[in-house]
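The lines below spell out each chain.
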Amino acid sequence: MTEHSTDHATFVVERTYDAAPSRVFAAWAEPAAKQRWFSGPDGWDQPRYELDFRVGGREVSRVTTPGEPTYTYDATYHDIVPERRIVYAYTMDRDDTRISVSTATVEFEPAGPGTRLVFTEQDVFLDGHDKVEYREHGTKALLNSLDAALREAPAGAPAS
Amino acid sequence: MLNHSSSLDLAFQALADPTRRIMVDRLSRGPASVSELARPLSMSLSAVVQHLAVLEAGGLVRSEKMGRVRTCRVEPTALRNAERWIAERRATWERRLDRLGEYLDATAHPPRRKRP
Chain A
10 MTEHSTDHAT
20 FVVERTYDAA
30 PSRVFAAWAE
40 PAAKQRWFSG
50 PDGWDQPRYE
60 LDFRVGGREV
70 SRVTTPGEPT
80 YTYDATYHDI
90 VPERRIVYAY
100 TMDRDDTRIS
110 VSTATVEFEP
120 AGPGTRLVFT
130 EQDVFLDGHD
140 KVEYREHGTK
150 ALLNSLDAAL
160 REAPAGAPAS
Chain B
362 MLNHSSSLDL
372 AFQALADPTR
382 RIMVDRLSRG
392 PASVSELARP
402 LSMSLSAVVQ
412 HLAVLEAGGL
422 VRSEKMGRVR
432 TCRVEPTALR
442 NAERWIAERR
452 ATWERRLDRL
462 GEYLDATAHP
472 PRRKRP
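These protein sequences, in sequence, are chains A and B.
Residue 140 in the numbering used here sits at position 131 of the first sequence; the count goes up by one each step and never skips.
Residue 435 in the numbering used here sits at position 74 of the second sequence; the count goes up by one each step and never skips.
The reader is advised that the hints may include incorrect statements.
[To be verified] Over 12 Å on every C-beta distance to chain B, these chain A residues come out as not near it, computed from the model:
1) Val22
2) Asp27
3) Ala35
4) Lys43
5) Arg45
6) Asp51
7) Pro56
8) Arg63
9) Gly66
10) Glu92
11) Ala98
12) Ser111
13) Glu130
[Unchecked claim] Partner residues are not named here, just some residues of chain A that face chain B (Cβ under 8 Å, in silico):
14) Arg24
15) Tyr26
16) Ala38
17) Pro40
18) Glu59
19) Phe62
20) Pro78
21) Tyr80
22) Tyr82
23) Tyr86
24) Arg125
25) Leu126
26) Leu135
[To be verified] The following label-pair restraints were derived from C-beta to C-beta distances:
27) B:Ala467 to A:Pro75: 25 to 31 Å
28) A:Arg63 to B:Ala408: 55 to 61 Å
29) A:Phe62 to B:Ala467: 18 to 24 Å
30) A:Glu77 to B:Asp466: 28 to 34 Å
31) B:Met427 to A:Glu118: 35 to 41 Å
Hints in this document: simulated from the structure, not taken from any laboratory.
Even glycine gets a Cβ: it sits at the ideal position worked out from N, Cα and C.
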């Protein structure tokens, strides 16, 4: 039996960088630069990465690690305003199953000598959310991410 | 659209401790008894039971006693799966944008500063 379901979500992540908008934008536009930071979870292999940064151009990233599925990200760029804005849509597949379709908007604003970056993602999560193995993977990935985030948290925060 | 729910907040609080993260990581590979959970941790069984209580309050883990053995497993209903997904994807982006910052710092030309 196949259950079809959709869940919609939007999230926003903001950062202010000590670098001019031209440099921050270039880190999204140049394949070698983008691959430096746009990778999968720490320790995962990225056997395929391509970026054709222009309106209508594609970006493909495939990540995998032993014992886990292969995740394929496939994006198409729809709007590019140099040093100001990038809008793209992407699909995410787990092995051969499509798990989400998303729109992402990246906005760059001058902030003094630096840049304020606002990343907004709108997601449709497709089917299969009730499968235990997905939850387990999600738990592990969440823990790993949280662990990384907390390791960077200021010392002296309460332990519980 | 998903909002930050109190269940998600409780779950994150429960996870804001390295011992409890180790316990959930272990349980994400399958059910375990309290003594199995305690084995890699250098603490008393009663301390482990206290951590377990926080995880249960956060809705991340449930346990049931069968005879003399308490078996613990990851509780799937606490975080709705979509919330789990959104938290995971947001965390991915938090880390990516931090890496972008590290990359920008590493490739910065030293601004108006003499180098030796």
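Here's how the hints hold up against the structure:
{"no.": "1", "hint": "Val22", "in the structure": "5 Å, violated"}
{"no.": "2", "hint": "Asp27", "in the structure": "7 Å, violated"}
{"no.": "3", "hint": "Ala35", "in the structure": "10 Å, violated"}
{"no.": "4", "hint": "Lys43", "in the structure": "9 Å, violated"}
{"no.": "5", "hint": "Arg45", "in the structure": "5 Å, violated"}
{"no.": "6", "hint": "Asp51", "in the structure": "8 Å, violated"}
{"no.": "7", "hint": "Pro56", "in the structure": "18 Å, holds"}
{"no.": "8", "hint": "Arg63", "in the structure": "21 Å, holds"}
{"no.": "9", "hint": "Gly66", "in the structure": "20 Å, holds"}
{"no.": "10", "hint": "Glu92", "in the structure": "14 Å, holds"}
{"no.": "11", "hint": "Ala98", "in the structure": "15 Å, holds"}
{"no.": "12", "hint": "Ser111", "in the structure": "8 Å, violated"}
{"no.": "13", "hint": "Glu130", "in the structure": "7 Å, violated"}
{"no.": "14", "hint": "Arg24", "in the structure": "5 Å, holds"}
{"no.": "15", "hint": "Tyr26", "in the structure": "5 Å, holds"}
{"no.": "16", "hint": "Ala38", "in the structure": "13 Å, violated"}
{"no.": "17", "hint": "Pro40", "in the structure": "13 Å, violated"}
{"no.": "18", "hint": "Glu59", "in the structure": "18 Å, violated"}
{"no.": "19", "hint": "Phe62", "in the structure": "15 Å, violated"}
{"no.": "20", "hint": "Pro78", "in the structure": "14 Å, violated"}
{"no.": "21", "hint": "Tyr80", "in the structure": "11 Å, violated"}
{"no.": "22", "hint": "Tyr82", "in the structure": "11 Å, violated"}
{"no.": "23", "hint": "Tyr86", "in the structure": "17 Å, violated"}
{"no.": "24", "hint": "Arg125", "in the structure": "12 Å, violated"}
{"no.": "25", "hint": "Leu126", "in the structure": "7 Å, holds"}
{"no.": "26", "hint": "Leu135", "in the structure": "11 Å, violated"}
{"no.": "27", "hint": "B:Ala467 to A:Pro75: 25 to 31 Å", "in the structure": "29 Å, holds"}
{"no.": "28", "hint": "A:Arg63 to B:Ala408: 55 to 61 Å", "in the structure": "57 Å, holds"}
{"no.": "29", "hint": "A:Phe62 to B:Ala467: 18 to 24 Å", "in the structure": "21 Å, holds"}
{"no.": "30", "hint": "A:Glu77 to B:Asp466: 28 to 34 Å", "in the structure": "31 Å, holds"}
{"no.": "31", "hint": "B:Met427 to A:Glu118: 35 to 41 Å", "in the structure": "58 Å, violated"}
In summary, the structure is inconsistent with hints 1, 2, 3, 4, 5, 6, 12, 13, 16, 17, 18, 19, 20, 21, 22, 23, 24, 26 and 31 from the numbered list given earlier, while agreeing with the others.
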